[in-house]
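For the protein sequence lines, the chains are B and E, in the order given. One point on numbering: in my numbering, the residue at position 81 of the first sequence is 81, and numbering is uninterrupted. One point on numbering: in my numbering, the residue at position 1 of the second sequence is 1, and numbering is uninterrupted.
Keep in mind the hints are simulated off the structure, nothing from the lab. Don't be surprised by glycine CBs; every beta carbon is placed ideally from N, CA and C. Honestly, I wouldn't trust all of these hints.
[As the list claims (entries may be wrong)] Here are the computed lysine to aspartate or glutamate pairs in the EDC-like style, where the Cα-Cα straight-line distance is at most 16 Å:
1. B:79 - E:113
2. B:79 - B:113
3. E:79 - B:113
[Unchecked claim] These stretches of chain E come out as covered by chain B in the derived footprint (C-beta under 8 Å, 3 or more residues):
4. 8-22
5. 25-38
6. 47-60
7. 63-77
8. 80-89
There are 2 protein chains.
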Amino acid sequence: MGTSSQLDTEIAARLKRDANGLVAAIAQDHDTGEVLMLAWMDDEALRRTLATGRATYYSRSRGEYWVKGETSGNTQQVKSVALDCDGDALLLRVEQRGPACHTGTATCFTGRELPLGVQR
Amino acid sequence: MGTSSQLDTEIAARLKRDANGLVAAIAQDHDTGEVLMLAWMDDEALRRTLATGRATYYSRSRGEYWVKGETSGNTQQVKSVALDCDGDALLLRVEQRGPACHTGTATCFTGRELPLGVQR
Numbered sequence: 001m002g003t004s005s006q007l008d009t010e011i012a013a014r015l016k017r018d019a020n021g022l023v024a025a026i027a028q029d030h031d032t033g034e035v036l037m038l039a040w041m042d043d044e045a046l047r048r049t050l051a052t053g054r055a056t057y058y059s060r061s062r063g064e065y066w067v068k069g070e071t072s073g074n075t076q077q078v079k080s081v082a083l084d085c086d087g088d089a090l091l092l093r094v095e096q097r098g099p100a101c102h103t104g105t106a107t108c109f110t111g112r113e114l115p116l117g118v119q120r
Numbered sequence: 001m002g003t004s005s006q007l008d009t010e011i012a013a014r015l016k017r018d019a020n021g022l023v024a025a026i027a028q029d030h031d032t033g034e035v036l037m038l039a040w041m042d043d044e045a046l047r048r049t050l051a052t053g054r055a056t057y058y059s060r061s062r063g064e065y066w067v068k069g070e071t072s073g074n075t076q077q078v079k080s081v082a083l084d085c086d087g088d089a090l091l092l093r094v095e096q097r098g099p100a101c102h103t104g105t106a107t108c109f110t111g112r113e114l115p116l117g118v119q120r
C-alpha cells in the first residue's frame, strides 16, 4: 500500500540512531560463533538486509550502501537479525564466505589483540 | 614518568573515535561465544579496562564511566581485548557473571529477533 521501500514502522520506532542516523551492526559467524566485524546501518540498510538476506551496510567513509562481498565475493548470508534492548545495536548471525576482513584476515579482530594488565 | 593515567599512546593513535570520542565495544562470552552486548568506550574507559581487567564502559545517556556489574553484581572479567582493522570497534572476550542485560535476559539480544525475508 505504498510502503514498499520503507523499513517496517514498528522496527523503525525501536531504533536508537546516532547523530548520523546509524546503529551499530555486529556480524557473527553462524557456525563458529566468531565475531567477524562491526559495521553500520541506517534504516534503509536494515530494510535491505531483512528483505534480501544479504548483509548490507552503510559506509560512513564512502557515504553509500554496500552489500558485503559484492566486489570481493566474501558474502554474508544472513541467518538471523536481533536488535538489542536499547535499540542501538544489531546482531547478525551470518554464513560467511571467505575471510570477513578486507585485509584478508578471518575476522576484523584477528591478530589485533591489545595488551591486558599493563599498569602504567 | 607522569603518564600513569593515560591510555598507551600507540593504542590511542589507532582509535578512530566518533564525534563524541567513542568507539563501539562488543562483549562476547569467552566460554560460549555468545555476543552479550554492545556498549561504548572512550580512551579512559579502555585504559581502565586494560589496566584492571574489569569491563568499564562510558555511558552516553548518563555521561559517566561504569564498571559493568558494579551495582548488579553481573560483572565481566576481561580475558582479551582486540581492536578491529579500522580502529572503531573493540571486541572483549569476557567471563560473564549472571545475565549480561540489565533487563535480566542472558544477552541484550536474547528474544529480540527481527523478521527476515518479509517483503513489503
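Now the hints, each set against the structure:
Of the pairs offered as hints, the one joining residue 79 of chain B and residue 113 of chain E holds, with about 11 Å between alpha carbons and a cut-off of 16 Å not exceeded. Only pairs whose Cα atoms come within 16 Å are accepted, and residue 79 of chain B paired with residue 113 of chain B is rejected, the gap being roughly 28 Å. For the hint linking residue 79 of chain E to residue 113 of chain B, the alpha-carbon distance of about 11 Å falls within 16 Å, and the restraint holds. Chain B is given as covering the region 8-22 of chain E, and this holds because 4 residues of the stretch bring a CB closer than 8 Å to a CB of that chain, at least three being needed.
Beta-carbon proximity to chain B at under 8 Å applies to 8 residues in the region 25-38 of chain E; the threshold of 3 is reached and the given coverage holds. By the rule of at least three residues with a Cβ nearer than 8 Å to a Cβ of chain B, the coverage given for the region 47-60 of chain E holds, with 3 such residues. Check on the region 63-77 of chain E: 0 of its residues sit with their Cβ under 8 Å from a Cβ of chain B, so the three-residue criterion for coverage is violated. Residues of the region 80-89 of chain E with a Cβ under 8 Å from some Cβ of chain B number 9, which satisfies the need for three, so the listed coverage holds.
The earlier numbered hints that this structure contradicts are 2, 7.
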